[in-house]
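*Asks:* With the hints as constraints, model all of the structure from the sequences given.
Spelled out from the first residue to the last, the chains are:
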Amino acid sequence: MSTSRASNSAAIDAFGDYAVTQVPKDQLKSPFGLFLVFTGVLVCIAVIWGGGSLGNSLSFKGMAVATVVGSLILGVIGFLTAAIGGYTRASTYVILRHPFGRIGSMFAGAAVSGIACGIGWFFIQSWLFATVLQTIVGEVLGHVPFWASAPVAAFWGAMLMTISAAYGYKGIAFLSYLAVPLFLIALGGGSYAAITEAGGFGAALKAQPAGTMTLSAAVTAVVGMYVAGATITPDISRYSEKPKDGAWAWFWQVVLLQPVLMLAGGTLTLLTPASDVAKAMAHLGIGLGALVLIVFGQWTTNDNNLYNGALAFANTFRAKKVRVTITMGFIGAILASMTAAGVFGADPFIAFLTQLGRFLPPIAGVLIADFYVYRPLLKGVSDPYRRYTFGPGTEYARYNAAGIVAWIVAGWLSPHLGGITALNSIFLGFAVYLGVAVVADILKVPMRFGTYTESSDGF
Amino acid sequence: MTDQTGQAEGLKWFRSNLHVWAFLLGAFAVAIAQFADKPRSAGLYSIIALGPVLGGLVTLVRYRRSDGTPRSIGKIVVECGWVCFSFGLGYLMMLPSRYYAVQGGVAALLILDAVALVAVGGYTLYKLGKLGLSLTP
Numbered sequence: 535m536s537t538s539r540a541s542n543s544a545a546i547d548a549f550g551d552y553a554v555t556q557v558p559k560d561q562l563k564s565p566f567g568l569f570l571v572f573t574g575v576l577v578c579i580a581v582i583w584g585g586g587s588l589g590n591s592l593s594f595k596g597m598a599v600a601t602v603v604g605s606l607i608l609g610v611i612g613f614l615t616a617a618i619g620g621y622t623r624a625s626t627y628v629i630l631r632h633p634f635g636r637i638g639s640m641f642a643g644a645a646v647s648g649i650a651c652g653i654g655w656f657f658i659q660s661w662l663f664a665t666v667l668q669t670i671v672g673e674v675l676g677h678v679p680f681w682a683s684a685p686v687a688a689f690w691g692a693m694l695m696t697i698s699a700a701y702g703y704k705g706i707a708f709l710s711y712l713a714v715p716l717f718l719i720a721l722g723g724g725s726y727a728a729i730t731e732a733g734g735f736g737a738a739l740k741a742q743p744a745g746t747m748t749l750s751a752a753v754t755a756v757v758g759m760y761v762a763g764a765t766i767t768p769d770i771s772r773y774s775e776k777p778k779d780g781a782w783a784w785f786w787q788v789v790l791l792q793p794v795l796m797l798a799g800g801t802l803t804l805l806t807p808a809s810d811v812a813k814a815m816a817h818l819g820i821g822l823g824a825l826v827l828i829v830f831g832q833w834t835t836n837d838n839n840l841y842n843g844a845l846a847f848a849n850t851f852r853a854k855k856v857r858v859t860i861t862m863g864f865i866g867a868i869l870a871s872m873t874a875a876g877v878f879g880a881d882p883f884i885a886f887l888t889q890l891g892r893f894l895p896p897i898a899g900v901l902i903a904d905f906y907v908y909r910p911l912l913k914g915v916s917d918p919y920r921r922y923t924f925g926p927g928t929e930y931a932r933y934n935a936a937g938i939v940a941w942i943v944a945g946w947l948s949p950h951l952g953g954i955t956a957l958n959s960i961f962l963g964f965a966v967y968l969g970v971a972v973v974a975d976i977l978k979v980p981m982r983f984g985t986y987t988e989s990s991d992g993f
Numbered sequence: 003m004t005d006q007t008g009q010a011e012g013l014k015w016f017r018s019n020l021h022v023w024a025f026l027l028g029a030f031a032v033a034i035a036q037f038a039d040k041p042r043s044a045g046l047y048s049i050i051a052l053g054p055v056l057g058g059l060v061t062l063v064r065y066r067r068s069d070g071t072p073r074s075i076g077k078i079v080v081e082c083g084w085v086c087f088s089f090g091l092g093y094l095m096m097l098p099s100r101y102y103a104v105q106g107g108v109a110a111l112l113i114l115d116a117v118a119l120v121a122v123g124g125y126t127l128y129k130l131g132k133l134g135l136s137l138t139p
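Sequences listed follow chains A and B, in order. Residue 595 in our numbering sits at position 61 of the first sequence; the count goes up by one each step and never skips. Residue 68 in our numbering sits at position 66 of the second sequence; the count goes up by one each step and never skips.
These are calculated hints, taken from the structure and not from any lab test. As the structure is a computational prediction, the values presented were derived from the model and not from experiment. Think of the CB as a built atom: it goes at the ideal place given N, C-alpha and C, for glycine as much as any other residue. Treat the hints with care, since some could be wrong.
Keeping only pairs whose Cα atoms sit at most 30 Å apart, straight-line, the calculated DSSO-like set for lysine-lysine is [stated by the list, open to error]:
#, chain 1, residue 1, chain 2, residue 2
1, B, 40, A, 704
2, A, 776, B, 40
3, A, 559, B, 129
4, B, 129, A, 704
Listed next, the stretches of chain B that the computed footprint assigns to chain A, with coverage defined by at least 3 CB atoms under 8 Å from CB atoms of chain A [what the hints assert, rightly or not]:
#, stretch
5, 7-19
6, 27-35
7, 105-114
*Replies:* What follows is the structure, given as structure tokens:
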């Protein structure tokens, strides 16, 4: 049995940041670094607001249960996908070349991560950053200077995020080492202050929410908020020194920190009509902390959106990743600035991205089914290092119908089944992939069409 | 090989002293924070200090478990440097706040301590970067 991570031979990193090749062993990163990068992706204003929406309808105890259960589910899903990244040292979209086929991976990656994360959510988050920044600076200074007006802040904010994403993993890791401790200090101090001034934790424990919500609906909300992140963990975990380092880093950051972030927003909502921790901090004279919360919170999350999107496009188009990143970042900056200026609203885009987002979680189901069940149990490839091979000369199917069918069916059907939509889509992706692949094997019906040979540069 | 020898030489001071500085500066901040007027300020500034205190202790444990090569020692030193740098900045971020304000003398000592943390961390990152070690280990 092999104990090293397999590849045919080393491909040349022609596109930068090992976008379409395996990460070399001398470039692998420490578990603490991976933990900080994953934490940087998690921590942002939207998660705190997500917790705030739970506070409208759940008691403190209900919120605590929902956030812990939801985070545990995310922890397990992300653990399984991140370990695949750790074993293969390849990005999500390169891994997809096996269960989706080479052309299938180009389309799937570009649709759900390139367009959705790299352009769509990147510009929406940049716009959100600008509107919150404008409010907080107005609160702190008493007026809004030109640089902090939403259309201007959206542009420079998006370009700032583009810079760290353009440096690839090193850029986002550098920022995470600097910003994550600062963010956690600001959030801890700010949340304590805001909750204490709003009545304290004792009052929060006794407070009754304005509305009602079932526990399963709350768990759905928690899982749905971050299931996309749990699906594309290999983009970060491919840098793991040991295969499961990234998986554990993912698990612990989401299980320990997501409940804290969401409870901070939820508790404040229970006590007051608003859940805006940053605004409460500015009001209490913790203005610098509030600014750090917004700037670094959004920056460390949104540069990762762009990073994921650029990795996906680099697997689709033969282009240097840094050029892809800068182009997407510039487009995102313009769109965010125009949205902030009121040229068009964000709602139609959010609706479109939400629909497209349904097609991301099934990818996790397909990957988990292929890597942990189909290949070891049905194809007899027990060594996890040998389940997927990459490198110049590797032959992939152009299309793997089992993966593509499972992906489309799961994404399409998942909202119509009731229960937790995100989990439906993962389970459906898992079941349909296995069903199609096994039946095709038994009936000897070909599922893999065409042949694509990897070139010397990994494309 | 020459690079490795140079790195080993350059790491020597940090290998012996950085974790001690991190621990002492953190412990000093905990002690000073106890003199803050407001209990909430004392609490916050003590909790922030746990970063460098634990960072120093964890670094010591990691040295004992490492294989001793300049690369592995460098990774540990860089991460300890980051802890000093970012937690020092954490003090400088929270000290100007009204809610967690502390009286003059305590504030001055905490600022000095924070500046020392930032300086020690920043110097470590600068020197290790010049030695050719990755700052994102």
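*Asks:* A separate judgement is required for each hint: does it hold in the structure or not?
*Replies:* Hint by hint, here is what the structure shows:
1. B:40 / A:704: Violated, at about 41 Å.
2. A:776 / B:40: Given pair residue 776 of chain A, residue 40 of chain B is violated - Cα atoms ~46 Å apart, limit 30 Å.
3. A:559 / B:129: Status holds; Cα separation ~25 Å.
4. B:129 / A:704: 18 Å, holds
5. 7-19: violated (count 0)
6. 27-35: violated (count 0)
7. 105-114: It is violated: at least three residues are needed, and the stretch 105-114 of chain B offers just 0 whose Cβ sits closer than 8 Å to chain A.
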